[in-house]
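Once you know that position 26 of the sequence shown is 26 in my numbering, the rest is easy, because the numbers rise by one and skip nothing.
Hint data in this document are derived by calculation from the structure and do not stem from the laboratory.
Mixed in with the good hints there might be a few duds.
Stated by the list, open to error - Here are the in silico distance ranges between beta carbons for each label pair:
#: 1; residue 1: Gly397; residue 2: Thr433; range: 39 to 45 Å
#: 2; residue 1: Ala628; residue 2: Ala549; range: 46 to 52 Å
#: 3; residue 1: Val17; residue 2: Gly397; range: 52 to 58 Å
#: 4; residue 1: Ile601; residue 2: His427; range: 37 to 43 Å
#: 5; residue 1: Asp509; residue 2: Arg46; range: 42 to 48 Å
#: 6; residue 1: Ala144; residue 2: Arg10; range: 49 to 55 Å
#: 7; residue 1: Ala15; residue 2: Ala494; range: 56 to 62 Å
#: 8; residue 1: Gly629; residue 2: Val605; range: 21 to 27 Å
#: 9; residue 1: Thr104; residue 2: Arg428; range: 26 to 32 Å
#: 10; residue 1: Glu125; residue 2: Leu69; range: 38 to 44 Å
To be verified - Straight line, CA to CA, 27 Å or less: simulated DSSO-like cross-link-like pairs of lysine-lysine:
#: 11; residue 1: Lys343; residue 2: Lys384
#: 12; residue 1: Lys528; residue 2: Lys570
#: 13; residue 1: Lys58; residue 2: Lys258
#: 14; residue 1: Lys190; residue 2: Lys529
#: 15; residue 1: Lys258; residue 2: Lys528
#: 16; residue 1: Lys570; residue 2: Lys529
#: 17; residue 1: Lys58; residue 2: Lys237
#: 18; residue 1: Lys422; residue 2: Lys258
#: 19; residue 1: Lys398; residue 2: Lys384
#: 20; residue 1: Lys529; residue 2: Lys258
#: 21; residue 1: Lys528; residue 2: Lys190
#: 22; residue 1: Lys267; residue 2: Lys528
#: 23; residue 1: Lys570; residue 2: Lys190
#: 24; residue 1: Lys267; residue 2: Lys529
#: 25; residue 1: Lys267; residue 2: Lys422
#: 26; residue 1: Lys237; residue 2: Lys528
All C-beta atoms, glycine included, are put in the ideal place defined by N, C-alpha and C.
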Amino acid sequence: GGTFTDIVARRPDGALVTHKLLSENPDHYDDAALQGIRDLLGLSRRQAIPASSIEAVKMGTTVATNALLERRGDRTVLAITRGFADALRIGYQNRPDIFARNITLPSLVYERVIEVEERISAEGEELEPLNEEALRRHLEVAHADGIRSAAIVFMHGYRYHQHEARAAAIAARIGFTQISVSHRVSPLMKLVSRGDTTVVDAYLSPILRRYVDRVAEALGGCSLLFMQSNGGLTDAKLFQGKDSILSGPAGGVVGAVKASAMAGIDKLIAFDMGGTSTDVSHYNGEYERAFMTEIAGVRMRAPMMRIHTIAAGGGSILSFDGARMRVGPRSAGANPGPACYRKGGPLTVTDANLMVGKLLPEHFPRVFGANQDEALDGEAVRDKFAALAARIERDTGKPRTPEAVADGFLAIAVENMARAIKEISVHRGYDVTEYTLCCFGGAGGQHACRVADALGMTRVFLHPHAGVLSAYGMGLADVRVMRERAVEAMLDDALVQRLGPLLDEMAADALGDMAGQGAAGDRITLLKKVHLRYDGTDSPLIVDFADRAAMIDGFEAAHRRRYGFIVPGKAHMVENVSVEAVGAMAEIADPVIATRRDGTIEPIVSTTMYSEGEHHETQVYRRDDLLAGDRVEGPAILVEATGTTVVEPGWSASVNRH
1 GGTFTDIVAR RPDGALVTHK LLSENPDHYD DAALQGIRDL LGLSRRQAIP ASSIEAVKMG
61 TTVATNALLE RRGDRTVLAI TRGFADALRI GYQNRPDIFA RNITLPSLVY ERVIEVEERI
121 SAEGEELEPL NEEALRRHLE VAHADGIRSA AIVFMHGYRY HQHEARAAAI AARIGFTQIS
181 VSHRVSPLMK LVSRGDTTVV DAYLSPILRR YVDRVAEALG GCSLLFMQSN GGLTDAKLFQ
241 GKDSILSGPA GGVVGAVKAS AMAGIDKLIA FDMGGTSTDV SHYNGEYERA FMTEIAGVRM
301 RAPMMRIHTI AAGGGSILSF DGARMRVGPR SAGANPGPAC YRKGGPLTVT DANLMVGKLL
361 PEHFPRVFGA NQDEALDGEA VRDKFAALAA RIERDTGKPR TPEAVADGFL AIAVENMARA
421 IKEISVHRGY DVTEYTLCCF GGAGGQHACR VADALGMTRV FLHPHAGVLS AYGMGLADVR
481 VMRERAVEAM LDDALVQRLG PLLDEMAADA LGDMAGQGAA GDRITLLKKV HLRYDGTDSP
541 LIVDFADRAA MIDGFEAAHR RRYGFIVPGK AHMVENVSVE AVGAMAEIAD PVIATRRDGT
601 IEPIVSTTMY SEGEHHETQV YRRDDLLAGD RVEGPAILVE ATGTTVVEPG WSASVNRH
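Generate coordinates for the entire structure from the input sequences, incorporating the hints supplied.
Here is the structure:
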């Protein structure tokens, strides 16, 4: 992740071990994931990792995401049909901020454009032959200038791809090491999003491949799987740039769903608050995916978990501009990190929690300071908040204590997170009060009850591995292979007859990629979906493939829930179809917690916590001491190896059987 790297390991006896270390610490190790594996195996920084000691490694990574955000991918040339050189720059002419007078367009991810003399019509007629000689000359110039990644995007190439295939062969002969072709990367309609997705794949795949190869080499050839944005694992050799954007957050969604299912929860809001950002998602029986998203100014047409992300994490920087207090969007990251990390960092949400007494330095890992053996620096935090409180009083004339200032920042952060949850639930027709808030991430437990209060939710679920649930979820995830195909035809009985063989062909292709990835044949499930919309609209809803009447019934139920109405008698259009092959991996059993016999639990210490304008005498409990059936009345603080949970006044925490 952006601040911490989380690791969950399963020992030969089935016991689970967790580990957490800073993602960036160049003075002590080169790669946090590999160092964490070495730590768990008892190896030094320089010792080789014995492949014979590891059955499999399942990873999620932000390498490609960070490269896209920071525009640090490989140099890329775009080859596109003549006349459309500016199509991706122009895009859809959206104005996200309609009142902005100084419009700053996101930087392009491709370096240069080649306009290719070719054209195939929407009906498949060759209007202009491919000028192979001219294309070869332009590609040779780009290659001579040091560009090694090529993205090939032709008009109507999603369906008629003979020109794209010939262009790719030319690029391969010239020596391009990464060639992304739109009919393979995103075989769907809409030139702009298909083109952007192809360019992103060409831009990110090389940097991702270098990282994957480095990890694979260090692991000595043991099984290596990566988490994809769609929530499924894939073999490292098949991991592509376009499928890596939400690699880390997707693991959190899977972890939340799997862990909640063990506790008997099937309707949940996943709330993942880490060091840099907060990710929220909705689950009501099946994973929700977005097939069209925009990330870092780039339109992506690839299946991804529907995750809403905001810049509010434990490392979000607190600021005061003379009139307003703000939380984020900038983050202190892992280096320098929050002020309490002993690296001279700014005040952050983590520091606010420490200031009000919700984080206790004596119960936090001693991994800070020059030698990585010191506790959080509470004195530095108190001094900085005292100075900030004095400044606020000077600028506004309103005296406030340092604790009140810190609590005010926390209230802002909570409101930001509650608003994000409304975006993916209330605004889409779901009654959030019927759901359980599944909190995880290193900072999730510190804000769980206040976020639930802001939404009117009455139940919060925190798994024992909540602090590392994204990593835990990757261990529980299935292998998934997805295939998509554009259709763009009116839904009638004749089309339904044609879709059956098409979906079977796509399923066979997906099963071919599934082979050799560790899923037994009797544990593979095929999910066939149709993306359906009203004719004349452009917002498809996904339904299961079935007979025509059943698909229309499913579509109209989903349309009524999403938009509040249906249009009886209006024609339906099939935009595209998709097939998902799901290979279930071996299950990891959640241990059953023993039940307490005498009904008592003793706190380890008592402290004072400031919340909602008051000081509260607060009991501190060690989570490992809790047994099934225990009930703790708030205010209370539960501490454990991977995080801290704050039970606010008026709340109670209970421990279930699992």
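Going down the list of hints, with the structure as the test:
The beta-carbon spacing between Gly397 and Thr433, approximately 40 Å, falls within the hinted interval of 39 to 45 Å. For the pair Ala628 and Ala549, the supplied restraint of 46 to 52 Å holds, since their beta-carbon distance comes to about 48 Å. Judged by the Cβ atoms, the range 52 to 58 Å given for Val17 and Gly397 holds: they are separated by roughly 54 Å. Distance hint check for Ile601 and His427: the Cβ-Cβ separation is about 41 Å, which falls inside the suggested range of 37 to 43 Å.
Checking the proposed 42 to 48 Å range against Asp509 and Arg46 shows it holds: the Cβ atoms sit about 44 Å from each other. A beta carbon spacing of about 50 Å between Ala144 and Arg10 agrees with the range 49 to 55 Å that was offered as a hint. One distance hint, 56 to 62 Å for the beta-carbon pair Ala15 and Ala494, holds here, with the actual separation near 58 Å. Taken as a hint, the range 21 to 27 Å holds for the pair Gly629 and Val605, whose Cβ atoms sit roughly 23 Å apart.
A C-beta distance of roughly 30 Å is found between Thr104 and Arg428, which places it inside the suggested range of 26 to 32 Å. The hinted range of 38 to 44 Å is satisfied by Glu125 and Leu69, whose Cβ atoms lie roughly 41 Å apart. Of the pairs offered as hints, the one joining Lys343 and Lys384 holds, with about 14 Å between alpha carbons and a cut-off of 27 Å not exceeded. For the proposed pair Lys528 and Lys570, the alpha carbon gap of about 24 Å is at most 27 Å, so the pair holds.
Between the alpha carbons of Lys58 and Lys258 the distance comes to roughly 16 Å, so the proposed pair stays at or under 27 Å and holds. With a C-alpha separation of about 20 Å, the suggested pairing of Lys190 with Lys529 holds against the 27 Å cut-off. For the hint linking Lys258 to Lys528, the alpha-carbon distance of about 22 Å falls within 27 Å, and the restraint holds. For the proposed pair Lys570 and Lys529, the alpha carbon gap of about 21 Å is at most 27 Å, so the pair holds.
A C-alpha spacing of about 13 Å is found between Lys58 and Lys237, which places the hinted pair at or below 27 Å, so the restraint holds. Annotation: proposed proximity of Lys422 to Lys258 holds, straight-line Cα distance about 23 Å (limit 27 Å). Annotation: proposed proximity of Lys398 to Lys384 holds, straight-line Cα distance about 18 Å (limit 27 Å). Between Lys529 and Lys258 the CA atoms are separated by roughly 23 Å; this keeps the pair inside 27 Å, and the hint holds.
Using a Cα cut-off of 27 Å, the hinted pair Lys528 and Lys190 holds, with the two alpha carbons roughly 22 Å apart. Simply put, Lys267 and Lys528 have alpha-carbon atoms about 23 Å apart, close enough for the 27 Å limit, and the pair holds. A distance of roughly 24 Å separates the Cα atoms of Lys570 and Lys190; the hinted pair therefore holds under the 27 Å criterion. For the suggested pair Lys267 and Lys529, the alpha carbons sit about 22 Å apart, so the restraint of at most 27 Å is met.
Taking the CA atoms of Lys267 and Lys422, the gap is near 15 Å; set against the 27 Å cutoff, the hint holds. Under the criterion of a C-alpha separation no larger than 27 Å, the hint pairing Lys237 with Lys528 is consistent with the structure, at around 25 Å.
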